[in-house]
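**Q** Top line first, the protein sequences correspond to chains A and B.
Per our numbering, the first sequence starts with residue 1, numbered consecutively.
Per our numbering, the second sequence starts with residue 1001, numbered consecutively.
These are calculated hints, taken from the structure and not from any lab test.
We treat Cβ as the ideally placed atom computed from N, Cα and C, and that holds for glycine.
Fair warning: there could be bad hints in the mix.
Estimated spans, in silico, between C-beta atoms of each pair [claimed, not checked]:
(1) A:Asn524 - B:Asn1131: 22 to 30 Å
(2) B:Ala1179 - A:Arg309: 25 to 33 Å
(3) B:Leu1014 - A:Asp99: 39 to 47 Å
(4) A:Pro557 - B:Asp1194: 18 to 26 Å
(5) B:Lys1132 - A:Leu494: 33 to 41 Å
(6) A:Ala85 - B:Ser1077: 53 to 61 Å
Not the full set, but computed from the structure, chain B residues with beta-carbon under 7 Å of chain A [said to hold, decoys possible]:
(7) Phe1063
(8) Asn1064
(9) Gly1092
(10) Asn1093
(11) Pro1104
(12) Asn1106
(13) Gly1109
(14) Lys1132
(15) Ile1230
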Amino acid sequence: MFNTKSLLKYIICSLVILSTSCKKDYLDRNSPTLLPGDQTFKDPLLIVGLLANYYDRLPTDASLTTNWQRATTYDDAVWSGGGNAGDEARNTFTSYAADSWRLWDYGLIRDINLALADMETYGTTLTAAQKAQFNAEFRFLRAQDYFEMVKRMGGVPIITTVLTTDKGDYASLRVPRNKESEVYDFIASECDAIKDKIGNGTSTTRANKYAVLALKCRAMLYGGSLAKYNSALPSPITLPAGEVGIPASKANDYYQKSLDAAREIINSGVYSLYNTNPNPGDNFYEALTKKQGNKEVILAQDFLQSKGRTHTFSYDNIARAVREDNLGSSAIAPTLNLVESFEYTDGSAGALKLRTADDKDYIYYDNIGDVFANKDGRLYGTVMLPGTTFKGLPVNLQAGVKVWNAATSAYSTVESSVQGSNSLYTDGKLLTGASGPIRSGLDISNTGFNLKKYIDPIPGSSNRGQQSDVWWIRYRLGEVYLNAAEAAFELGQLAEALDNMNKVRARAGIKTNLGALTLERIRNERRVELAFEDHRVWDLIRWRIAHILWNGSPSNPDANLYALYPYRVVRPGDAARDGKYVYDKIIAPRFRAPRFFQLTNYYSSIAQNVLDANPSITRQPGQ
Amino acid sequence: MKSVGQKFVLSIALLCVLWGCTKDNYKEPQSTITGRVVYQGQPIGVRSNGVTLELWQHGYALFNKVAVNVAQDGTFSVKIFDGNYLLTRLRGNGPWMDQIDSIPINLNGTANIDVPVTPYFTLSNDAFTFNKADSTISGTFNIAQVVTSKAIENITFHVSTTGIVDATNQIAFASISVAPPANAFTAPVTLKIDIRPRMYTAGTQATAALLLGDILKKKYAYVRFGVKPIGVAERVYTMVKRIELQ
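The shape of chain A in the complex, shown without the other chains:
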């Protein structure tokens, strides 16, 4: 039964819909949310927006936001966070997978090539100067991305134009891999071409001339050491067409280019090592976390609390006792291996003095932090140590007590498994600290140390509600000095190498200048200066020593990760020892399998779908 009134309503509604829906070009409207090239490239502000997107997509292997967990897989740290997201595997994997460092980042390469082409086509209203500047900045990003690929994969196809399938010519899309040396040469020539056009003044968040030089400096150093040390292997890793393997004859050329780029940055006077706090430890910590007045940083990935651009690196990695959230903390626990790499301020080797010379007894310390006295200032800026404070609160790292048993003339060890609060021994004094270390605890230090570098000092920043806006530093002057030192040393220019090394060491509070230099010293300097800045694994790879240091042997101290467990001595009646502190050096309890880096890991495998899609791509050695 129809009700005329409601029928009328339906008819009117249908008419209204019909009359509005059949616009002629309905399918040809402009998207309200997507900007096509002809709109984007007329407006400099929109191009800057595009650049911001590309900067953000630059691959890093362990930054504050991307894959930071990997610091525990191949930097100097043990995974001490939660175990339920598969991260426990970082302590238990038996060898590095063939694709550990795989990167085939042609999505970003294509976007940049497309932007470069579209800017030529549509950027008619831009001035020539604007165009040249943007062009240089896009090319910097592309060169940086190629560097990230070549250091992981060896030679990759160099694509500088937009590849399309429009022409139906598929064979031309099957671009073979370039030689490894050609990719490094490409990066150098791009850097030379753009460094004077890129502008950007002294910006630390957009690349300027010195960021371009810093890229060149680092890339050429990698190229030089690959040429030298790969060829020095008993059986160099190569492919017949040079996709992998750089001839030794190119080493000096690369080192020279690296040194020249470093000199240009250093001599410009634009940058200086951060040196405003008289305490070397605090100074080094501020060098990475202070943004205002920091003339050391050349290029950083910035975050800003007021714009809501933040990250949870502090939440995940702050020490347990000083965390401000109810979860998280302590994931990256630096190892004793790293702590002992920091020299003493008199320049002597950094091994901690834990046992008497005849190894019969412990050395007893009055305070829990005394064992670290007179160490390189960078140690205090990189690692939260027992006996230190953070944000005004004690970090509280103590494993337990050692109780003297007079009958057996030996100590028995007492530890608590209470996590996150101080537990007391029967004498009413501290048993185990709120930050651990606890052998089997989650989200609590497993090594007796916590990370300090890049942990935000601002109150509330380790809370997930507020989060942290500490920046991730891509390039800083400290690294440039060390690059220069290494390149100069390899070229036999010892005076310049020493000068650069000593500048970095003096800032760290080391009192005596080096008079002589060895390769081991330079390598160790990079390890301690640049710890947790995404350098260690790349350095080991380009020096071709990763397979020796991490040979998977249970008896190799370099392949195992060590912890330092501090104990308070309970020995009433022995005033020289009672209440003092002693330390046990052990393999970190959660660390289960020695690191095992095989020769095939020097170049990560190429994905099967890439090989399937392009038969011209040669596989890696051992793939």
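Knowing the structure of chain A, use the given hints to seat chain B on it.
**A** Below, chain B without anything else, positioned relative to chain A:
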């Protein structure tokens, strides 16, 4: 209290779950390829979890390898569907020469494949003795060079509590590594390892000392030799042997 309707919907859903997974699922693979990695008919000892072969099958949209792990005694086995496969030796992977020829396998039920390789060395005549007086295990074996392009980097002697023994295995805790003697290819090589726990006193050897005490109590251990060619990741091993410690 659930209404009848809710119960009805729930039971229908349950039935759907029970019935849902039959029609288009494959049966699990039933066929087996077994085999050995051999040189002159003799299997080659390798590191457990270290060496892989690859199985490839053409003709499907997804073209991806099936990795076949070789066990420490040089054998392998894989459960897979019937069909035509190509078995390849991954380059630069095992302690043998690269060989790019693939081995066709027509699988129908079972297949037993000997994969010929050319190792850099072959090891033979391995014998071990336990000297109770000073608690040492000594072993002797012969090395023959097959390919002259690679010299020996080092020779290792591994002792372990369990039957899986190699240079990286977690349980392998006592091993020595020596440079090759000048006459390594002409005379038998003899190595000796002291297994008294009190010889392992460094703080980092606590586990080793503990496990050595353990095997001395159990009165048996597993031993094998390894020889590493220069510039190759993997060693050639002798077969694991059990030795009685009494």
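**Q** So which hints don't hold here, by number, going up?
**A** 1, 2, 5, 6, 11, 12, 13 and 14
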